[in-house]
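Peer 1: Each chain, written out:
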Amino acid sequence: MSTTNLETAVGNQPLKRVVIDPVTRVEGHGKVTLLLDEDNRVQQARLHIVEFRGFEKFIQGRPYWEVPIVVQRLCGICPVSHQLAAGKAIDQIVGAQLSPAATKLRRLLHWGQVLQSHALHFFHLASPDLLFGFDSEVQKRNIFGVIAEHPTVALEGVQIRRYGQEIIKAISGKKIHGVVVMPGGMNKAMKPEEVKTLAAGIGEIVGFCVKAVALAKRLYQEHRNRHEAFGRIESPFLGLIGPDGELELYDGGIRVKEADGSRFVDQYPCNDYMHLVREQVKNWSYMKFPYLIDKGPEYGWYRVGPLARLNNCDRITTPLAEAERVGFLAAHQGLPQGALAYHWARMIEALHCAEAIREMLGDPDLMSDDLVRIGERHFEGIGVIEAPRGTLFHHYEVNDEGLVTRANLIVSTTSNNQAMNESIRRVAIDRLNGANLTPELLNEIEVAIRAYDPCLSCATHAVGRMPLVVELEAADGTRVGAISRDEAGTIAIG
Amino acid sequence: MSDTRKITVATCSLAGCFGCHMSFLDIDERIVALVDKVSFGRTPLTDIHTLHACDIGLVEGGLCNDENVHVVRHFRQQCKILVAVGACAINGGVPAMRNRYGLAECLEESYLYGVGVADPQIPSDPELPLLLNQVHPIQDAVKVDYFLTGCPPPAEAFLELLTAVLENRAPQMSYALRHFD
Ligand code: SF4
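Read top to bottom, the protein sequences are chains Y and E. Using the numbering used here, the letters of the first sequence correspond one by one to residues 4 to 497. Using the numbering used here, the letters of the second sequence correspond one by one to residues -16 to 164.
Chain Y extracted, bound-state conformation (with noise of 0.2 Å):
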């Protein structure tokens, strides 16, 4: 059955409702609703992004200087994409080309926001469930549950984690929310003290990536069958790479490839960016679904992150991660399209920026004072970078004054939200159609969902949870039943 068929339920049939509220271990509100016949056959299933928060409005009548530091509490988990992004866009405004001492900089900032998005997202949300199984007991399943008993793999990831966060700080003040990007460039250098620091620990910390992706990589493998199949669909991949077809996060063009390998585009321009995607409406989420303009929103929906990336491009800059990339790719046939493909991916990733990180922080350009360069003033701007999960575009216009008139943003959760959802509709044909349906079958869903994205928040604008209670309605509203989780973990149906 095409995963397609059921993004709405045909014919007036009367349908059971079921609901997976919230979608847990996963940032910002998600909420799941299937809709099943009599036979308990799913006809239809969708991710609802329930929330909204306007940012495309509020920051209109604001400075553009002020946009870079505003724009990134979309997202606490990926702030410093948000604020480079908003900050490539404003350099435009102001004309810049960076020096290079304020581009290494920039560089440095993101490789930390990637390695520390990337441990987050793999050891704390998603581990749970590699480690302990999608079906194991809910009060163990989180990473309470993996510092106590896999103490070593929990305590490497908050280290990887830690690390990613110091190099943050660091360059912009503070963990989260920091403030360093400026209109063509950056306000401050860092203190040979801190590059110091920062150098002293980074062999361990490439150590503990290699480790990362050989346990990524190793419970993929073990159940290679179940892994590879999983949420499993195939589309096209999009993602910015370098001149030479490099795996590249902070700059670059676009590159699309078809399913099959083929090349869609290369090195498009990201300024050309409104060619090339738009963005459609459903009523049911405040999340929008872009796709790809030539072919259309039914068949031109796209993925991006770190399975996109590892697709896309044709090598890695930094050896371990190179070679890493090379056993990923030989150990499938075409390219990898499963969705749990994307956690081995992210591992490789967060080593190729341990090893990037090694490489810069030994640059004297990293505490060199030529920060800023202005240039002639332009009244649009557009920016694009690998946020840790995916493409991110922030587009701004301005007007005399300096004040923004008008502002686009498709963020990473954004343009997976089709495959998300056809993700989880794989989820429901191979797993739960015509099953009993426990929390256990439900969290597969769940699965499926956080292999792409602990973090709706950027997409939705917004937040919100509540408790899991399953309910089955029939069709005209009537309850016909619920399954709810306690705290204790014990399941109650009726």
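Restraint ranges, calculated between C-beta atoms of paired labels, are given here:
1. 36(E) to 261(Y): 52 to 60 Å
2. 36(E) to 69(Y): 39 to 47 Å
3. 380(Y) to -11(E): 54 to 62 Å
4. 382(Y) to 95(E): 21 to 29 Å
5. 155(E) to 433(Y): 52 to 60 Å
Hints are computed from structural coordinates only; laboratory data are not their basis. The model shown is predicted, which means the values in this text are computed figures rather than measured ones. Just so you know, even glycine gets a beta-carbon here, dropped at the ideal spot from N, CA and C.
Based on these hints, arrange chain E with the ligand on the given structure of chain Y.
Peer 2: Okay, now just chain E with the ligand, sitting in the frame of chain Y:
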């Protein structure tokens, strides 16, 4: 939990960015010692979805829809000490910047008139909670016992708060722990 020396903590993220939760995780490896004394109930970090009576409720984010109001009231009922964590919970924060515009204007900009919007329409499916006209701080809906300032409050502020409750004393927030950014 059977261990009576432990205090129980629940957390939630309403109209916030999750940065306050991230800042709590910035206690890094000190979390290992903490879980000896603190057990976590309902929080986005676990799969425990039901909120039961607990000692401390940490609320990140303000109120932007009817569901947020429902959740914060439930937290108030169940938590002995309710803490507003961060600028968003305390005064609405950045999401409250939408208050200078009408809700309709914000929705129209995102879903009708934005750059590259196809099928313009304002999402209105019954599965979506009702948005509030304005974003509110949580004390507009419930009594708050303690405020942790900052955007986000530093990790050490979370530790001091929990330690103070464990030691049955008032928290001592030094100057460095009181951010107003
Ligand atoms: S107070 Fe700051 S860090 Fe906390 S949720 Fe609000 S914006 Fe995020």
